[in-house]
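Participant: If you read the protein sequences in the order shown, they are chains D and U.
So in our numbering, spot 313 of the first sequence is number 313, and the numbers just go up one at a time.
So in our numbering, spot 210 of the second sequence is number 210, and the numbers just go up one at a time.
By construction, these hints were calculated from the structure, which means they are not laboratory data.
For glycine and all other residues, C-beta sits at the position ideal for the given N, C-alpha and C.
A portion of the hints provided could be inaccurate.
Stated by the list, open to error - Lysine-lysine pairs mimicking DSS-like chemistry, simulated, CA-CA at most 27 Å apart:
1. U:Lys178 - U:Lys267
2. D:Lys61 - D:Lys271
3. D:Lys203 - D:Lys52
4. D:Lys100 - D:Lys203
5. U:Lys61 - U:Lys267
6. U:Lys267 - D:Lys271
7. U:Lys178 - D:Lys52
8. U:Lys178 - D:Lys271
Said to hold, decoys possible - Pulled from the structure, derived: some chain D residues nowhere near chain U, Cβ distances all over 12 Å:
9. Asp45
10. Gly55
11. Lys61
12. Ser67
13. Ile121
14. Ser219
15. Phe222
16. Phe237
17. Asn238
18. Ala300
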Amino acid sequence: MHSRRIRQTFLSRTLPFWLLLPSLLVLAVVQFYPGFYSIFLSTQDFQAGTMKFVGVQNFDKVFGSSSFSDSVWLTLMFLLGYALLTMVVSFTVALFLNRKLRLSGFYLTVIFIPWVLSDVIAGLVFRLFVVPDYGLLSPFFASPLFGSPDGISLLTTPPPSPLTEAIPFPPAPAMFLLIFASAWKAVPFITLLILAALQTVPKEVLESASMDGANGISSFRFITFPLVIPTLVVAMFNLTLGGINGVGMVFSLTSGGPGSATEVLSFLLYKLGFGQLEFGRAAALSVLMTIVNLVLILVALRISRSDSEGYKF
Amino acid sequence: METTSTSPAYLKRSARYYAFAKGAQPWIFNFLLIIVCLFMALPILGTMLTSVKRQVDVQRKPPLLLPCDTETRDFDVNACRFVLEGYDRVIDIKPNPDALFGFEMQGRMFSTYIPNTLLYAVSASLLVTLFAGMAGYALSRFNFRGRRALQLAILAITGVPLLTNLISLYQLGVALRKAFPGYEERIFLIIVYVGFGLPFSIWIVKAFFDTIPRELEEASFIDGCSPVQALFRIVAPLAAPGLTSAFLLSFVGVWNEFIAGYLLVSKNALKTAMFGLYDFIGQFVIGYQVLAAACILIALPVVILFLFARPVFFRAMVEGALKG
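Next comes chain D alone, as it looks inside the complex (with noise of 0.2 Å):
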């Protein structure tokens, strides 16, 4: 009896313990670990399984490279036009359904059913409408307005055009294309993001304000637009992370190409480290974008943080 009760309050008190080590256990070896052999093969030079230390040299041969910084700036514009895109798409279909109309319900199903579609999918459906000669859409795409015509073959990476080398964004379609795909299968999350935070607005400082006088564009301006500003910050970095750290969609849509036009970091990331087998230099990438990654959620996490306490109705 004595030692029943003692064997209890010792797994009662280390219950916790207990609870959270097989979800430890895992994070350890997924997510901890990689993070730190990441760092430690960055400074290694992997040459055929035999390893050699070299400092820093990975990192300077991956940042001093070209095709580093065309692929930051590509990653820049991808992001710009991508979370732009998403967000006014977005915020505008949530505003119509938030008039809760019969077949609201409805209309978010419907809407909803990119967002299930795996990203490689979503990037083949699109790839199959532009194929050249085949795809619907291929003659529109033709138009010298665009550029190469062949800009996303799925057999072939054709040689990029001069004009698309010259002007890398907007008329290089495959970019393009990328930016509307991405923000395709982005749009039904963001718009139920924005959605349920603008059916938190509570309702009776809308009709009091009406009843002041507020039209619809200066309610709007001054009640609902601020309540939800801390949701479209969250819905940001949501969108700037999946957009840093998407490759799938790059994967099947594009491959990088034409050329190197769509080939943003995570891209980057991939054919350094399985295509080119240059796993060293690969890690110092990858230690540079989880250091971009942490920075952009700690930042989110204290964003949102100092909004819950603010915002309390």
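Please arrange chain U on chain D, whose structure you already have, making use of the hints.
Facilitator: Relative to the frame of chain D, chain U by itself:
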């Protein structure tokens, strides 16, 4: 004084205008939303259309929207040529008296890749749900040292993508394969999937536990339950919606995952459906209708899952993103 100077006619006109605007508004928004829906569905509808075309109709120059033209007319309903050839080539059904239902699916998509994906998705999601349930309960109910720091750490790694860890995980997989002769690649892949589903799931499940009043467990303690019994008998059933959403979200996540399934297992026979798609992008055979059919067939299970469990998905996603 200002108001008396406005004419009654003006007031009447504006009242009529507002009545009109109020009556017309739902129609305008319905119309706009239908356009949005069409726009979102168009790529999928287009792929479906491609998937039921014949090889010759897919390879027309210039491309043909509907395979319904005749020699004399551009469109003739009677001449429409819709076939299931694409689907047939993906599934490749052959009669086989020894098989379970008298036929077998010889296409590798259905004989190998989709069963693999199903195995990974179900086992990873079950583990995610179990582990996230335990961890979420611990974080929600117990106050121990380092809890806040741990919570923050878990929250922070929800944003760490699989991609940046992939180089290390790939090397780890290679090392394990060398070290253990009978090494099972699939277990490693499943653990990786669990690790990437866990942080977000812990977060959702914890949020659900937080909404369940503690008094219920305290009452069960008085009745003689241990904390573990209370978790499995009292709290877990109440948190079922949260656990279901963790399961469903990680199922969809694993089903749709491509790059880890492609890189972390070496044998083609163990690879996933997303990898299987590349079977249909041959260098010489251009079967766009086959590729389209494969896309539709792979996406169908998760789309159906989503349509049935919509509210669970919506609630979990909003909670997960906004409470974070």
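Participant: Compare the structure with each hint and give your call.
Facilitator: To see whether the hints hold, each was checked on the structure:
A threshold of 27 Å between alpha carbons decides the hint, and for U:Lys178 with U:Lys267 the separation of about 15 Å falls inside it, so the pair holds. With a C-alpha separation of about 15 Å, the suggested pair D:Lys61 and D:Lys271 falls inside the 27 Å cut-off, and the hint holds. Distance check on the hinted pair: D:Lys203 and D:Lys52 sit about 65 Å apart at the alpha-carbon level, beyond 27 Å; violated. For the given pair, D:Lys100 sits about 13 Å from D:Lys203 by alpha-carbon distance, which is consistent with the 27 Å threshold.
Taking the CA atoms of U:Lys61 and U:Lys267, the gap is near 39 Å; set against the 27 Å cutoff, the hint is violated. About 21 Å separates the Cα atoms of U:Lys267 and D:Lys271, which keeps this hinted pair within 27 Å; it holds. Distance restraint check for U:Lys178 and D:Lys52: the Cα-Cα separation of roughly 20 Å lies within the 27 Å cut-off, and the hinted pair is therefore satisfied. Restraint check for U:Lys178 and D:Lys271: the C-alpha separation of about 24 Å stays at or below 27 Å, so the hint holds.
Even its closest Cβ contact with chain U, about 14 Å, leaves D:Asp45 beyond 12 Å, as expected for a residue assigned away from the interface. Annotated as non-interface, D:Gly55 keeps its C-beta farther than 12 Å from every C-beta of chain U; the closest such distance is 19 Å. At roughly 16 Å, the least C-beta separation between D:Lys61 and chain U is larger than 12 Å, which holds for a residue marked as non-interface. Distance to chain U confirms D:Ser67 as a non-interface residue, since its nearest Cβ pair spans about 17 Å, more than 12 Å.
Once the 12 Å rule is applied to beta carbons, D:Ile121 is inconsistent with being away from chain U; the minimum gap is 5 Å. Here D:Ser219 stays apart from chain U, with its beta-carbon at least about 16 Å from theirs, past the 12 Å limit. The Cβ of D:Phe222 lies farther than 12 Å from every Cβ of chain U, with a closest approach of about 21 Å, so its non-interface assignment holds. With a cut of 12 Å on Cβ distances, D:Phe237 falls inside the contact zone with chain U, its closest approach being about 8 Å.
For D:Asn238, the requirement that its beta carbon stay farther than 12 Å from each beta carbon of chain U is not met, with the minimum near 6 Å. For D:Ala300, the requirement that its beta carbon stay farther than 12 Å from each beta carbon of chain U is not met, with the minimum near 8 Å.
Hint check: violations occur at hints 3, 5, 13, 16, 17, 18; the rest are consistent with the structure.
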